[in-house]
Amino acid sequence: MARHVVLRAAELPEGESRIVTVRGREIAVFNLGGEFFALVNRCPHEGAPLGLGLRIGLSESERPGCYTHSRPGELLRCPWHGWEFDIRTGQSWCEPSRLKAKAYAAARESGEALVKGPYVAESVPVAVEEEYVVVEV
Amino acid sequence: MTVDVDPRVALPADAKLRLVDCDIHPIVRSTADLRPYLDPCWHDYFDQFGNFLVSPYTEAHPYPKPTPALSRLDTWPPSGGPPGSDLDFMRAQHLDPHDIELGVLQVLWPTAARQRNIGYAAALCRAVNDWQAEEWLAREPRLRGSIMVSQEDAGSAAAEIARCARRGGYAQVMVMPRNLEPMGRRRYWPIFQAAQEHDITLGCHVGGLNGYAVTGGAGHCSFYAEEKDSNGFAMEAMLTSMIFEGVFEAFPRLRMVAIEAGLGWVPALGWRLDDLWQRFRAELPAVKRPPSETLRERLWYTTQPADEPEDPQHLRDLFDWIGWDRVCFASDYPHWDSDDPRHALPVQMSQAERRAIFRDNAMAVYRLG
Numbered sequence: 005m006a007r008h009v010v011l012r013a014a015e016l017p018e019g020e021s022r023i024v025t026v027r028g029r030e031i032a033v034f035n036l037g038g039e040f041f042a043l044v045n046r047c048p049h050e051g052a053p054l055g056l057g058l059r060i061g062l063s064e065s066e067r068p069g070c071y072t073h074s075r076p077g078e079l080l081r082c083p084w085h086g087w088e089f090d091i092r093t094g095q096s097w098c099e100p101s102r103l104k105a106k107a108y109a110a111a112r113e114s115g116e117a118l119v120k121g122p123y124v125a126e127s128v129p130v131a132v133e134e135e136y137v138v139v140e141v
Numbered sequence: 417m418t419v420d421v422d423p424r425v426a427l428p429a430d431a432k433l434r435l436v437d438c439d440i441h442p443i444v445r446s447t448a449d450l451r452p453y454l455d456p457c458w459h460d461y462f463d464q465f466g467n468f469l470v471s472p473y474t475e476a477h478p479y480p481k482p483t484p485a486l487s488r489l490d491t492w493p494p495s496g497g498p499p500g501s502d503l504d505f506m507r508a509q510h511l512d513p514h515d516i517e518l519g520v521l522q523v524l525w526p527t528a529a530r531q532r533n534i535g536y537a538a539a540l541c542r543a544v545n546d547w548q549a550e551e552w553l554a555r556e557p558r559l560r561g562s563i564m565v566s567q568e569d570a571g572s573a574a575a576e577i578a579r580c581a582r583r584g585g586y587a588q589v590m591v592m593p594r595n596l597e598p599m600g601r602r603r604y605w606p607i608f609q610a611a612q613e614h615d616i617t618l619g620c621h622v623g624g625l626n627g628y629a630v631t632g633g634a635g636h637c638s639f640y641a642e643e644k645d646s647n648g649f650a651m652e653a654m655l656t657s658m659i660f661e662g663v664f665e666a667f668p669r670l671r672m673v674a675i676e677a678g679l680g681w682v683p684a685l686g687w688r689l690d691d692l693w694q695r696f697r698a699e700l701p702a703v704k705r706p707p708s709e710t711l712r713e714r715l716w717y718t719t720q721p722a723d724e725p726e727d728p729q730h731l732r733d734l735f736d737w738i739g740w741d742r743v744c745f746a747s748d749y750p751h752w753d754s755d756d757p758r759h760a761l762p763v764q765m766s767q768a769e770r771r772a773i774f775r776d777n778a779m780a781v782y783r784l785g
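The listed protein sequences correspond, in order, to chains A and B.
Per the working numbering, the very first residue in the first sequence carries number 5; after that it's consecutive.
Per the working numbering, the very first residue in the second sequence carries number 417; after that it's consecutive.
Treat the hints as calculated values from the structure; they're not laboratory data.
One or more of the hints may lead you astray.
To be verified - What follows is a set of in silico ranges between Cβ atoms, one per label pair, in the way DEER data are often shown:
(1) B/457 - A/71: 50 to 56 Å
(2) B/699 - A/71: 46 to 52 Å
(3) A/71 - B/468: 33 to 39 Å
(4) A/61 - B/767: 28 to 34 Å
(5) B/783 - A/14: 56 to 62 Å
(6) A/61 - B/634: 29 to 35 Å
(7) B/484 - A/116: 40 to 46 Å
To be verified - Below 20 Å or equal to it, Euclidean Cα-Cα: the simulated DMTMM-like pairs (lysine to aspartate or glutamate) are:
(8) A/104 - B/727
(9) A/106 - A/135
(10) B/644 - B/724
(11) A/104 - B/699
(12) B/704 - B/665
(13) A/104 - B/643
(14) B/481 - A/88
(15) A/104 - B/724
(16) B/644 - B/727
(17) B/704 - B/691
(18) A/104 - A/78
(19) A/106 - A/30
(20) A/106 - A/140
(21) A/120 - A/135
(22) B/481 - B/643
Predicted model only: the values in this text are computed from it and were never measured.
For each residue, glycine too, the CB sits at the ideal point set by N, CA and C.
Build the full structure now, drawing on both the sequences and the hints.
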């Protein structure tokens, strides 16, 4: 397990996602209100590229006629069959015990902290004055 | 039969299974692409009137759809145009990575088959069939076409089947379950006659809009989820009509594939129809054999959208009941519910079983060998 610098934080604005490759693995990185999260770019159902999915909210209904919508942008809808995953945990909303997209720890780090190491930055040169997205793989 | 091979385990290169995909959807970039293929007699009609269908809507579907163009979000070609409109992108995203040996095209749009103006319907069907031949079949030897026919005008449909059979390159005559009358009625028999005469398989792809509620008389439904579920029972109703009207006795060499309707209902339909046939022989004297035998010997069924029982072993039970020689893989690329051949049927199969479902059964029913 190592900490990989995958992006400059400024490259991934709020609400957006990006697919990066770390140690041969495709990982989808998300900016959720300034917090960063990372999921394997592979749906556990049939292998679709999750990073191309639609960001949606949570629609719930206590009973017919009563509807709520919350957590806008925090769920990911698979671009193929529409399975929904919680971006924070990778858990499937409908079958959390059976289907889970592997989640990686992701964080925002300052260049100043990073240069003290240890970290891996194969393709992202780190400068002290910038901020970066770091994923643990 | 030995069951020892996990489908996810890669086979050695020399034993690698090439696939036949029974359901790939190509589409025009816009309907203007068809104009050069349309008989000039109909150009003015095409320009002035365009689509006018047997159902109330011409450019929209009467039920909601879950994704733009009903497609996977990753299938929009970078060249522009809707999913399924770019052969090079289809090769790169689907045909090459899945090592597809042969794929059967199913054209859904424009719905030439369901134009209200039957003269235009026949002309537009010819244009769609020639467009397939020129833009797809001539450019990609792995693809086979579907003969689009005007289902409500069986005479012109039969003539078009004969024309396309002479031309070659088509794997099937394509029909849909929802027509103005149940498909077993005599008015549709010239289609079956022509398919049998030219030894071309009849492929029934789910869908068709006839203006009636898809629920089969229960009224118009609210949700896409309901409309999608109706595909199975629309296919059941169509097969019931064809079997009880005696189509399979009248055309003893007719072969038929039920496409995209699922599999779980097939054995139950056989049980129920046998029961009815035994009790009401006076009503159905033309039916000589138990319906379950017809379903078992004259029909083939495609896998997508794959049934996903909680216990995947139940898929094996289903294949046992339907017949391992009757089930054919289909992807439905590029639609949202398309199946990836590597993951869609997560059940252990022997190499022989996999070969049958992913290749040999389709080769047999479509005479592709």
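Hints, one by one, checked against the model:
no., hint, in the structure
1, B/457 - A/71: 50 to 56 Å, "holds, 53 Å"
2, B/699 - A/71: 46 to 52 Å, "holds, 49 Å"
3, A/71 - B/468: 33 to 39 Å, "holds, 38 Å"
4, A/61 - B/767: 28 to 34 Å, "violated, 46 Å"
5, B/783 - A/14: 56 to 62 Å, "holds, 60 Å"
6, A/61 - B/634: 29 to 35 Å, "holds, 32 Å"
7, B/484 - A/116: 40 to 46 Å, "holds, 44 Å"
8, A/104 - B/727, "holds, 18 Å"
9, A/106 - A/135, "violated, 25 Å"
10, B/644 - B/724, "holds, 16 Å"
11, A/104 - B/699, "violated, 54 Å"
12, B/704 - B/665, "holds, 7 Å"
13, A/104 - B/643, "violated, 29 Å"
14, B/481 - A/88, "holds, 17 Å"
15, A/104 - B/724, "holds, 17 Å"
16, B/644 - B/727, "violated, 23 Å"
17, B/704 - B/691, "holds, 14 Å"
18, A/104 - A/78, "holds, 15 Å"
19, A/106 - A/30, "holds, 11 Å"
20, A/106 - A/140, "holds, 12 Å"
21, A/120 - A/135, "holds, 14 Å"
22, B/481 - B/643, "holds, 9 Å"
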